Structures are given as structure tokens and as C-alpha cells.
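*Asks:* Sequence:
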Amino acid sequence: MLAPLAAGGPHTMTVQGATLLTIADVLVGEVWLASGQSNMARTLGDEGDAARTTEHPTLRFLTTHPGKGGTTGEWKSFTPTDGPAMSAVAFHFAHELQEKLRVPVGMVIGAQGSVFIQRWFDPQVEPADPGMKRGGDLFQGYLAAVVPYAVRGAIWYQGEADARAGYDRVYQQRLIALVRYWRRTWQRPQLPFLIVQLPNTGPLQSDVDQETAGWPLVRNAQRLALALPGTALAVGIDIGDGKVHPSHKQPFGYRLSLAARALAYGEKGLVYAGPLYASSIVAGRTVRVRFTQVGGGLVAKGGALTGFAIAGADGHWAWGEATIAGDTVTVTSPAVAAPTQVRYAWAANPLFNLFNAEGLPASPFQTSEPAPGPAEGIP
Numbered sequence: 001m002l003a004p005l006a007a008g009g010p011h012t013m014t015v016q017g018a019t020l021l022t023i024a025d026v027l028v029g030e031v032w033l034a035s036g037q038s039n040m041a042r043t044l045g046d047e048g049d050a051a052r053t054t055e056h057p058t059l060r061f062l063t064t065h066p067g068k069g070g071t072t073g074e075w076k077s078f079t080p081t082d083g084p085a086m087s088a089v090a091f092h093f094a095h096e097l098q099e100k101l102r103v104p105v106g107m108v109i110g111a112q113g114s115v116f117i118q119r120w121f122d123p124q125v126e127p128a129d130p131g132m133k134r135g136g137d138l139f140q141g142y143l144a145a146v147v148p149y150a151v152r153g154a155i156w157y158q159g160e161a162d163a164r165a166g167y168d169r170v171y172q173q174r175l176i177a178l179v180r181y182w183r184r185t186w187q188r189p190q191l192p193f194l195i196v197q198l199p200n201t202g203p204l205q206s207d208v209d210q211e212t213a214g215w216p217l218v219r220n221a222q223r224l225a226l227a228l229p230g231t232a233l234a235v236g237i238d239i240g241d242g243k244v245h246p247s248h249k250q251p252f253g254y255r256l257s258l259a260a261r262a263l264a265y266g267e268k269g270l271v272y273a274g275p276l277y278a279s280s281i282v283a284g285r286t287v288r289v290r291f292t293q294v295g296g297g298l299v300a301k302g303g304a305l306t307g308f309a310i311a312g313a314d315g316h317w318a319w320g321e322a323t324i325a326g327d328t329v330t331v332t333s334p335a336v337a338a339p340t341q342v343r344y345a346w347a348a349n350p351l352f353n354l355f356n357a358e359g360l361p362a363s364p365f366q367t368s369e370p371a372p373g374p375a376e377g378i379p
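Under the numbering used here, think of the first position of the sequence shown as 1, with each following residue one higher.
Some hints could be false.
The calculated EDC-like cross-link candidates involving lysine to aspartate or glutamate, where the alpha carbons are at most 16 Å apart (straight line), are [unchecked claim]:
1. Lys76 with Asp25
2. Lys301 with Asp238
3. Lys133 with Asp122
4. Lys76 with Glu99
5. Lys100 with Asp46
6. Lys301 with Glu211
7. Lys68 with Asp25
8. Lys100 with Asp238
9. Lys243 with Asp46
Derived by calculation from the structure, the hints in this document are not laboratory data. Nothing here was measured: the structure is a model prediction, and the numbers come from that model.
Modelling step: build the complete structure from the supplied sequences, incorporating the hints.
*Replies:* Pasting the structure below:
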């Protein structure tokens with residue numbers, strides 16, 4: 001194994017044994033792992049992204065494929081010929097990093113559409129929940145062959161398949177198990193793991209109780225996974241354009257790159273995430289919600305705050321009247337005399353407009369965390 005080298009290249013590497021092997025056009029730089037389901041798998045060509053026609057000689061990518069003979073794939077340079085086959089999210093993430101770091105960047109990409117999270121880790125090694133009996137086949141097919149290839153961190157865009165009854169209530173445990181499994185497998189206990197939170201999709205929310213499960217529960221689970229050190233969330237609630245497969249992947253790559261710059265590269269003073277729910281206090285008919293990651297301050301984009309709902313112990317939700325005060329939002333409603341809980345942006349395509357001054361959206365949340373559901377019958 002080679003000792004760490006200074007970033008740069010291209011170099012020529014010569015290996016001398018019984019025979020002489022010469023490998024040209026070798027770069028040394030940052031390597032990241034990209035995985036998930038269809039939104040990570042979709043390429044620049046799939047999206048019709050204009051970036052597919054550009055050339056970036058120091059940006060490389062390896063897209064893995066499972067097969068009967070084992071995992072296949074080869075490193076490619078980003079050219080107008082090969083570039084369209086690169087994951088759009090992975091490209092925009094790598095390009096943003098390269099613009100900032102000014103070093104070669106490589107992406108190892110293994111992703112497949114319409115798959116559940118448990119297929120990306122082994123529950124026998126990293127247990128998730130009692131109902132989970134099998135998993136790990138996609139990790140073995142796509143990624144195991146590149147272990148222990150040195151990677152700086154991982155970006156993850158998945159959860160759409162799990163946004164359904166039963167699966168949504170065990171997603172938090174399974175996502176945490178996946179992060180731990182990858183860290184254990186790569187022998188990197190603090191491997192940076194950056195998560196795309198599911199974006200807005202479907203018809204715009206019109207009723208306070210329009211949806212109580214599915215997409216909002218998975219988003220909440222993704223937020224709660226931040227309890228693991230070295231994780232970050234790229235909130236997508238404002239950039240999904242209402243589609244399961246958002247048309248523009250550049251904003252996702254950009255927000256992931258902000259998190260990478262802060263967590264993996266230690267960039268100080270960088271506001272890399274939108275406001276995150278921290279705590280709440282009930283005071284009479286009002287609930288005061290405190291946020292972290294407020295940056296230059298909380299902002300209601302485009303007018304009065306919207307998307308906040310409030311309920312009492314009976315769980316009957318009503319739209320709340322919300323106002324900003326420093327790093328807090330106070331929520332009240334004449335329809336709820338004794339509130340106990342608040343939620344925000346709680347639908348597949350919710351109402352929302354809370355941002356920080358840097359333009360990053362607040363994550364959806366619920367102050368009373370939905371209880372994990374029974375895992376029985378969920379494979």
C-alpha cells in the first residue's frame with residue numbers, strides 16, 4: 001500500500017515485479033463515495049444536464065455494476081464522451097469541491113433505483129430492528145469490491161422507497177445502522193456521512209392533516225440520524241420541483257459540498273446547513289421552538305411564516321400563527337388552548353418558508369417525535 005501522496009498529477013506509476021507495469025494519467029486527490037437509489041443513480045445524460053458536454057480532466061469517476069462474475073467498473077475521466085454517464089448529483093458535488101479545493105476529485109458511485117435501505121448494509125453485522133431479517137445484497141454487489149479503498153467520506157440520496165407504511169417508522173434505525181456498518185467496514189469510525197433529505201414532491205399541501213406518514217416521517221428520520229457524529233443533512237424541501245426525480249441536481253450537489261467543506265475539511269465559519277430544530281418550551285397557549293444552524297438569523301422568505309402546525313395532547317392539529325424572535329419561533333393558535341407539540345413542513349410537498357439568512361431552508365420536524373412503528377412483517 002502506498003503512503004499518502006500530495007495531491008496533483010497526472011503522474012505515471014511504474015510497478016516492478018516479475019514484469020514491468022506502467023500506468024499513465026494517474027491523479028492523486030480527494031475520493032468520495034456516492035450511493036443510494038434512483039436520484040443518485042440518474043446521470044447527467046438522463047437529466048439532460050448541460051454540464052454533460054463540458055470537460056474536467058482532473059475529475060474522475062468510477063461507476064460500479066454488480067454481475068455474476070463480480071463487481072465491474074472502470075475509472076473514467078470527465079469528458080464530453082464519458083461525462084454524460086456520471087451521476088448528476090455526484091458530478092455537481094465533486095465539481096463544487098474541486099472549485100473550492102483546487103485538487104483532483106474522484107467519485108466512486110454505486111446506486112440503484114427503487115430499493116430499500118436495508119439492501120445497503122448487513123443486518124447480521126449491524127442489527128437495525130427486530131423485524132429485519134435480510135439485507136446487504138446491493139452493498140456486496142456494488143461497493144464491497146472497493147473496500148478498503150481510501151475514501152474521504154460518503155454522500156447518500158435514498159429513502160423514497162422507504163416512504164411507505166411500516167418502512168417509514170423504522171427508517172431512522174436502519175439509516176443509523178447503515179452509517180455504522182459503512183464506518184465499521186471501511187474502518188473509519190468518524191467517516192463523514194452526508195445525507196440528502198428527501199425533497200418536496202407531489203401536489204402542494206392544502207390541509208394541515210394532509211399526510212402524517214411516508215415522506216414526512218422519512219425526512220424526520222433523516223434529521224434524527226444527525227445524532228451520529230460526523231453526519232450532516234442537505235435539506236431539499238425547496239428544490240424538488242414537485243417531482244420524485246427533481247429536474248435539477250446542481251443544488252443538491254452544492255449543499256452536500258457545503259457540508260463536506262465543514263465536516264471533512266474543517267472550513268471554519270461556514271454556514272453549511274439550514275435551521276435545525278433544537279428544543280421547545282410550552283408557555284400557556286404558546287410553544288417556543290429554538291433552532292441551531294441559524295447563521296445570520298432566521299428569515300421568513302416571501303412574507304409571514306407558514307407551514308407551522310400546533311396540537312395538544314389529543315393530537316388534533318391546527319395551523320399555527322408563527323413569529324420569529326432571535327433563534328426561536330413562537331407558535332400559537334386560537335384553536336388550541338393547551339398546546340403540547342409543534343410540527344413544520346409536514347407533508348410530501350409541504351408549505352414552508354423558514355430559512356436562515358444564508359438562504360438555506362429549515363428542516364421539517366415534529367417536536368414530539370413519532371414513535372417507531374412495529375417492524376413485524378417489514379423485510
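*Asks:* Starting from lysine 301, check that the Cα of aspartate 238 is at most 16 Å away, please.
*Replies:* OK: lysine 301 and aspartate 238 at ~11 Å, within 16 Å.
*Asks:* Assess, step by step, whether the Cα of lysine 243 is no farther than 16 Å from the Cα of aspartate 46, and give holds or violated.
*Replies:* holds, 15 Å
*Asks:* Is the straight-line distance between the alpha-carbon of lysine 133 and that of aspartate 122 16 Å or less?
*Replies:* holds, 10 Å
*Asks:* Need the status of pair lysine 76, aspartate 25: alpha-carbon distance at most 16 Å?
*Replies:* holds, 11 Å
*Asks:* If you draw a straight line from the CA of lysine 68 to the CA of aspartate 25, is it 16 Å or shorter?
*Replies:* The given pair, whose Cα atoms are some 30 Å apart, is violated under the 16 Å limit.
*Asks:* Regarding the pair lysine 301 and glutamate 211, is the alpha-carbon distance no greater than 16 Å?
*Replies:* Status violated; Cα separation ~24 Å.
*Asks:* Given the hinted pair lysine 100 and aspartate 46, is their alpha-carbon gap at most 16 Å?
*Replies:* violated, 27 Å
*Asks:* Given the hinted pair lysine 100 and aspartate 238, is their Cα-Cα distance within 16 Å?
*Replies:* violated, 24 Å
*Asks:* Keeping to a limit of 16 Å between CA atoms, is the pair of lysine 76 and glutamate 99 held or broken?
*Replies:* Violated: lysine 76 and glutamate 99 sit about 19 Å apart, past 16 Å.
Against the hints set out earlier in the document, violations occur for numbers 4, 5, 6, 7, 8.
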